[in-house]
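S.K.: Chains as they are written, first to last, in my numbering: chain W, 1 to 275; chain D, 1001 to 1196.
Simulated from the structure, these hints should not be mistaken for laboratory data. Just so you know, not all the hints are guaranteed correct.
Stated by the list, open to error - Chain D regions said to be covered by chain W (calculated; three or more residues, Cβ under 8 angstroms): (1) 1045–1057; (2) 1072–1080; (3) 1084–1098.
To be verified - A short list of chain D residues far from chain W (calculated; beta carbon distances all over 10 angstroms): (4) ARG1039; (5) ASP1109; (6) THR1122; (7) ASN1124; (8) GLY1125; (9) SER1126; (10) TYR1169; (11) THR1170; (12) ARG1171; (13) SER1175; (14) GLU1179; (15) LYS1183; (16) GLU1186; (17) GLU1189; (18) ALA1190.
Claimed, not checked - Derived contacts from chain W toward chain D, CB cut-off under 10 angstroms, selection only: (19) PHE112; (20) SER122; (21) TYR191; (22) GLU208; (23) GLN216; (24) VAL225; (25) THR227; (26) SER243; (27) SER244; (28) SER261.
Just so you know, these numbers come straight off a predicted model, no measurement behind them. We put the CB at the ideal spot given by N, CA and C, even for glycine.
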Amino acid sequence: MTGRQDFGARRSLAGLFLFPVVKALAAVGVFACAPAGGLAVATVTPAVAVPLVESLEYPAWFLTPGPALAGTVVSFATVGLQRAAAESAAVVDAREAVARARRVRIELDAAFQSGLGVALTSQGERFREIALSPVPDSVRLIASAAVRGTLFALVAGPRQTIELPGVTLIAVPATPPEWVRTLPRGEGVVYAVGVAPATFREAAGWLEADRHGRAQLAASVSSRVRTLAMGAGRDEATVTTVSSAVTLADLVVEGRWRDRSTCFVLVRGRVLEAQ
Amino acid sequence: MSKRASVLFALSLISLAACGGSGTVTTAGTGPSPVNVNRLPDWFTNVPTDANTMYAAVTAESRDLQLAINKAITDGRNNLAQQMEVKFEGLSKRFQEETGLGADAQLIDQFTQAYKGIVSQTINGSRAAKQEIVNTPAGGYRAYVLVELPIGQASQALMQRVRANEQMYTRFRASQAFEELQKEVERYEASQRPRP
């Protein structure tokens, strides 16, 4: 199936009535954002019970891609007036990602500094990905869905045949999948979980979680860790560096999940070379 | 715009400005967060033990989610490197005692260089086997991570280095410590073979 279906308008009946109410209340300042939590209720209490969130739904092929979608990538674009333009933009963006998924060199350098008895740490990072497979001239759009103003596009390589059993939106499960807490094992492959804060920009959280997952994958295969400690006791400061350079193949996203504030992505790859 | 509408607009702006915080903007969501603030993960308090695997249970806190996780995992890898060094140091001492190599400083030096090369170069094949993320009362994140490393891979690398040095290999292979190292390597190699 290669249908392009619009799911943007689909919403639960309760959501249709209540979401505008939440938005209206937010507009007059009833809700204020907590520093790092969900929506916090300010001092004004609404007269009626209003759910603070609407249920989250994503295409099934996005949350649980499954083995049938190996080799595909998900690309994003902002949905404007022209849906076709958003799809074109997403497809163009996907070309490099398709090449990277086949074979990629990942170089990671990170440094952490913990200062002078303070528990908090700062971090600097350099992350570089080089596609080792040629970037295809064209790729194929398998399916797309508009979710809260963002177009999610499932894209495959030019010669890849994908049979999509059906395109439906499914709700994000309330409880996290097992892999969020326990990393799976697989013969001849390595796994990692990427994590990123969810933001109003749908694509940003997912893309960053995906990138973080690939960085974790590289560090898991091979890491050179060095620590320099200075001072002692309350004056102690440490600098830890970690570097990694690996070549991976057949990168696949096996699962995605999110809660109110965080996106989780399970990535899998095959190790070709590690330094 | 009427005066009333202007006041309403200004209040909305103030409300939006309060959203600045840590820069993390949260959105609508589903069920509960996969964390429990009041409970430490079981594996953090009772770190698993296994003859073929080394474990490091670590934690780190930050206002930045990824930083908390990255720091915890890196600390875990650092911890594993130290455990590995202690293990190989012990092996080196046993070699000295068993083979009476105390006087042969050069050979011991070579062995030390062999294992230190493995320990300090890189940690290969470590994985963040388990993780929990907790929202802290201060509005940040605390990551608990269990990092694991199969011992066999490093033992195999050390064995290859020992074998490459004929003099060292000849002196060590009759010892019990060598036999233990050999067993570790065999266990690891067996675990790497594809199962039917």
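S.K.: Indicate, hint by hint, whether the structure satisfies it.
M.R.: Status of each hint after checking the structure:
Interface restraint, the segment 1045–1057 of chain D with chain W: violated (0 residues with C-beta to C-beta distance below 8 angstroms; minimum three). Under the rule that three or more residues need a Cβ within less than 8 angstroms of chain W, the assignment of the segment 1072–1080 of chain D holds, with 5 such residues. Counting residues of the segment 1084–1098 of chain D whose C-beta sits closer than 8 angstroms to any C-beta of chain W gives 0, which falls short of three, so the coverage hint is violated. The Cβ of D:ARG1039 sits about 13 angstroms from the closest Cβ of chain W, beyond the 10 angstroms cut-off, so the non-interface label holds.
For D:ASP1109, the non-interface assignment is confirmed: its Cβ lies about 23 angstroms from the closest Cβ of chain W, beyond the 10 angstroms cut-off. A cut-off of 10 angstroms between C-beta atoms contradicts the statement that D:THR1122 is not in contact with chain W; the least separation is 5 angstroms. Separation of D:ASN1124 from chain W is inadequate, the least Cβ-Cβ distance of about 5 angstroms not exceeding the 10 angstroms criterion. The beta carbon of D:GLY1125 is not kept farther than 10 angstroms from every beta carbon of chain W, the shortest such distance being approximately 7 angstroms.
Its beta-carbon lying about 6 angstroms from the closest one in chain W, D:SER1126 breaks the requirement of being farther than 10 angstroms from that chain. Distance to chain W confirms D:TYR1169 as a non-interface residue, since its nearest Cβ pair spans about 26 angstroms, more than 10 angstroms. At roughly 32 angstroms from the closest C-beta of chain W, the C-beta of D:THR1170 stays outside 10 angstroms, upholding its exclusion from the interface. Every C-beta of chain W lies more than 10 angstroms from that of D:ARG1171, the closest at about 31 angstroms, which supports listing it as non-interface.
No Cβ of chain W comes within 10 angstroms of the Cβ of D:SER1175; the nearest lies about 31 angstroms off, and the non-interface call holds. Every CB of chain W lies more than 10 angstroms from the CB of D:GLU1179, the least distance being 29 angstroms, so the non-interface label holds. The claim that D:LYS1183 is not at the interface with chain W holds, since no C-beta of that chain comes within 10 angstroms of its own (minimum 23 angstroms). For D:GLU1186, the condition that its CB be more than 10 angstroms from all CB atoms of chain W holds, with the nearest at approximately 19 angstroms.
The claim that D:GLU1189 is not at the interface with chain W holds, since no C-beta of that chain comes within 10 angstroms of its own (minimum 15 angstroms). The beta carbon of D:ALA1190 sits about 14 angstroms from the closest Cβ of chain W, which is more than 10 angstroms, so the claim that it is off the interface holds. The beta carbon of W:PHE112 is positioned within 10 angstroms of a beta carbon in chain D (closest approach about 5 angstroms), and the interface hint is therefore held. Against a cut-off of 10 angstroms between C-beta atoms, the interface hint on W:SER122 holds, since the closest Cβ of chain D lies about 8 angstroms away.
Satisfaction of the interface hint for W:TYR191 is found here, the shortest Cβ-Cβ separation to chain D being roughly 8 angstroms, below the 10 angstroms cut-off. The beta carbon of W:GLU208 comes within 8 angstroms of a beta carbon in chain D, closer than 10 angstroms, and the hint placing it at the interface holds. Because the smallest distance between the Cβ of W:GLN216 and any Cβ of chain D comes to about 7 angstroms, under 10 angstroms, the interface hint for this residue holds. A least Cβ separation of about 5 angstroms between W:VAL225 and chain D falls short of the 10 angstroms threshold, and the interface hint therefore holds.
With a least beta-carbon distance of about 6 angstroms to chain D, the hint placing W:THR227 at the interface is held under the 10 angstroms criterion. Taking 10 angstroms as the C-beta contact cut-off toward chain D, the hint placing W:SER243 at the interface holds, the least distance being around 9 angstroms. Proximity of W:SER244 to chain D holds as hinted, the smallest CB-CB distance being about 8 angstroms (cut-off 10 angstroms). The interface hint given for W:SER261 is met, as the beta carbon of that residue sits about 4 angstroms from the closest beta carbon of chain D, less than 10 angstroms.
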